[in-house]
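Colleague: Now for the letters of each chain:
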Amino acid sequence: MLRYLGKRFLLILPTIFVPLILVFLLLRLSPGDPAGMMLGDQATAEQIAALRSQLGLDQPIWIQFLLWLKGIVTLDLGNSIFFREPVMQIIPRYAGVTILLTLVALTLAVIIGITLGLVTAMNRNKPIDRGVVTTAVLGISLPEFWFALLLIFIFAVTLRWFPVAGYNPPSAGIVAFGATIFLPALALGVRQSALMTRMMRSSMLDVLNEPYITTARAQGLPESTVIGRYAMRTAAMPVVTVAGLSAGYMLGGAVAIEIIFALPGLGRMLVEAVGRRDYPLVEGGVLTISLVLAVLNLAIDVIYAILDPRIRYQ
Amino acid sequence: MTSEPMLAVSGLSKSFKAVKAVRDVTFSIPRGKTFGLVGESGSGKSTTARLVLRLVEPTDGTIRFRGRDLAGLSPGDLRRERRHMQMIFQDPFGSLNPRMSIRDTLTEPQLVHGIGSPAEHLRTAERLLAEISMPRTALDRYPHEFSGGQRQRIAIARALSTNPELIVADEPVSALDVSVQAQVLNLLRDLQDKHGTTMLFISHDLRVVQFMCDEIAVMYLGEIVEQGPREHIYGAPAHPYTQALLASAPGKGAGKRARLKGEIPSAHAVPSGCAFRTRCPSAFERCAIEKPLMRDIGNGQKAACHLLDEAKAA
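Going down the list, the protein sequences come from chains D and B. Numbering-wise, the first sequence is residues 25 to 338 according to my numbering. Numbering-wise, the second sequence is residues 9 to 322 according to my numbering.
This is chain D alone, in the form it adopts within the complex:
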């Protein structure tokens, strides 16, 4: 088990660094200059050049990269060009919202997906199965922002159960936090839950055809044990895989949801930072997302090992 985890841990490093290198290069190779943006239209060429050398932007690109790598190792990600504040202080303000949003959305998606997947697999070709499967296709096809607006219209505007937008941190109390996070999380999670439903249904149907399930039934095991201990554990594996992919998608793709619900999250911060060519902040944001993603994937590898003892031995 330890060797398995060690190996997984080593594989994390490229997960973190490859996106960082790509973002670093992409930012600097794309047009647009942070110094020009900061100084505005009236700035003279000398002023811009002075600011560029102050920010280190006049150095060759590989020197910039090495300096930045050194920054990561010494936990100094530099100052935001726009906020003129250390990136290490800005990121936590935004990252918390996005991570919590992702976790709540992922939990909702997994619960909905596994439940519906089970229900449909066990009622194959009955009306409930057809209904859910059709709805799931619809769920996969609809864009999240549309679903978000629909949820706001129904639950916030019409029923007034939840606030329309805004954010309360968990420190404001679990109810206040829940009220502001539930609708965005649902909007973000519903597509993933539709994917997971279909995944769970098909893998459940596969597993239910396995001879050891027949054997378990013939042995006289109660149906709850056959489904719970034998079938579900195996069928959940692909869902766990999808959950990992979903997490990545939600961490980086929550921008639209964060904007609609006015959540001060990382996605929104990143989009704004890219617009301002705020290199250090963008790089810091991507680093954070990569780190969180890597940790989540490690967690998923551990779940694999728990679900399938064979993995621990390989």
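Errors might be hidden in some of the hints.
[To be verified] Covered stretches of chain D, as calculated for chain B (at least 3 residues, CB under 8 Å):
no. : region
1   : 225-237
2   : 244-250
[Stated by the list, open to error] Computed beta-carbon distance windows for the label pairs:
no. : chain 1 : residue 1 : chain 2 : residue 2 : range
3   : B       : Pro237    : D       : Asn233    : 35 to 41 Å
4   : B       : Ala26     : D       : Arg334    : 52 to 58 Å
5   : D       : Pro235    : B       : Ser187    : 55 to 61 Å
6   : D       : Arg148    : B       : Glu239    : 47 to 53 Å
7   : D       : Thr159    : B       : Phe24     : 30 to 36 Å
[Stated by the list, open to error] Heads up, simulated SDA-like pairs for lysine to any residue below, C-alpha to C-alpha not over 20 Å straight-line:
no. : chain 1 : residue 1 : chain 2 : residue 2
8   : D       : Lys150    : B       : Lys25
9   : B       : Lys202    : B       : Gln191
10  : D       : Lys150    : D       : Leu162
11  : D       : Lys150    : D       : Thr139
12  : B       : Lys25     : D       : Asn149
13  : B       : Lys299    : B       : Arg287
Calculated directly from the structure, the hints in this document are not laboratory data. By construction, the Cβ of each residue, glycine as well, lies at the ideal position given by its N, Cα and C atoms.
Keeping the supplied structure of chain D fixed, place chain B upon it in accordance with the hints.
Modeller: Below, chain B alone, put in the same frame as chain D:
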């Protein structure tokens, strides 16, 4: 009670939509004896096994096990009754749960049926491992670490773990190498002698059936065409199909009798009259018109063929 057969099947039929998989099958197995079902693939042997185990609902007919009609049992009673009827399936790679250690595989049936304490479960598991000549260390290993023959021995140990009165073995050795088959069959026979278990043994391999069974029924297209004690079936087969099967078996007597031509007809379109007439070397007009009935030919042997009538009349 002692004179009552362990298993008495009467008029058992099963149709899957238009396909008549099993038609009017009747047999009984005395306590402690082994009854063999032989036939080509598609002859309904495995469906009969599943019907007996009540893994499939029969379309018609009764199954009396230990003097009780299985159809009359509530789902809970049926589940409890399963303690006394265990099974061994063909595929030793599929019939063991890949995610359960051998310890769990061997103790779970006892746990489910509430036999003894956890300490006793473990003692039984250890005793069973000794009986199948496997080391105690196998307890903490998983099915994928064993070979096909070893797995099938584990499946046998699992079937014995609830100390059942009837074991249904559906092609228990046909997935194994010939060299391993003998080993597994010997083990099965030794354990049967030791535990006094009754067995329904299903195979397409005539030599295996001859080795294992006291009484044999030959199935063709879902029906029993001949039935009787082993020495009579092998010594003096009455039905042309049995004769052809024995002729096609490698070894002594091969080539002396007529061989079968063609394939078993589809169970969608069972031939009129005698189902075997399309492949029978001695078929005549009556076979297409009239279905031959099972008739007694002495020494407990029965067969369904018009030739037996003709022979008697001549």
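Colleague: Each hint should be assessed against the structure and marked as holding or not.
Modeller: Here's how the hints hold up against the structure:
1. For the region 225-237 of chain D, the proposed coverage by chain B is satisfied: 3 residues have a C-beta within less than 8 Å of a C-beta in that chain, meeting the threshold of three.
2. Restraint check on the region 244-250 of chain D versus chain B: 4 residues with Cβ-Cβ distances below 8 Å, three needed, restraint holds.
3. At about 38 Å, the CB distance of Pro237 (chain B) to Asn233 (chain D) agrees with the hint of 35 to 41 Å.
4. At about 42 Å, the beta-carbon gap between Ala26 (chain B) and Arg334 (chain D) misses the expected band of 52 to 58 Å.
5. Distance hint for Pro235 (chain D) and Ser187 (chain B): a CB-CB separation of about 24 Å, inconsistent with the stated range 55 to 61 Å.
6. A C-beta distance of roughly 48 Å is found between Arg148 (chain D) and Glu239 (chain B), which places it inside the suggested range of 47 to 53 Å.
7. As the Cβ distance of Thr159 (chain D) to Phe24 (chain B) is approximately 31 Å, the hint placing it in 30 to 36 Å holds.
8. Restraint check for Lys150 (chain D) and Lys25 (chain B): the C-alpha separation of about 18 Å stays at or below 20 Å, so the hint holds.
9. For the given pair, Lys202 (chain B) sits about 16 Å from Gln191 (chain B) by alpha-carbon distance, which is consistent with the 20 Å threshold.
10. A distance of roughly 19 Å separates the Cα atoms of Lys150 (chain D) and Leu162 (chain D); the hinted pair therefore holds under the 20 Å criterion.
11. Note on Lys150 (chain D) and Thr139 (chain D): the hinted pairing holds, with a Cα-Cα distance of about 16 Å set against a maximum of 20 Å.
12. Taking the CA atoms of Lys25 (chain B) and Asn149 (chain D), the gap is about 17 Å. The hint holds against a cut of 20 Å.
13. At roughly 15 Å between alpha-carbon atoms, Lys299 (chain B) and Arg287 (chain B) fall within 20 Å of each other, so this suggested pair holds.
Of the hints listed earlier, those the structure fails to meet are numbers 4 and 5, in rising order.
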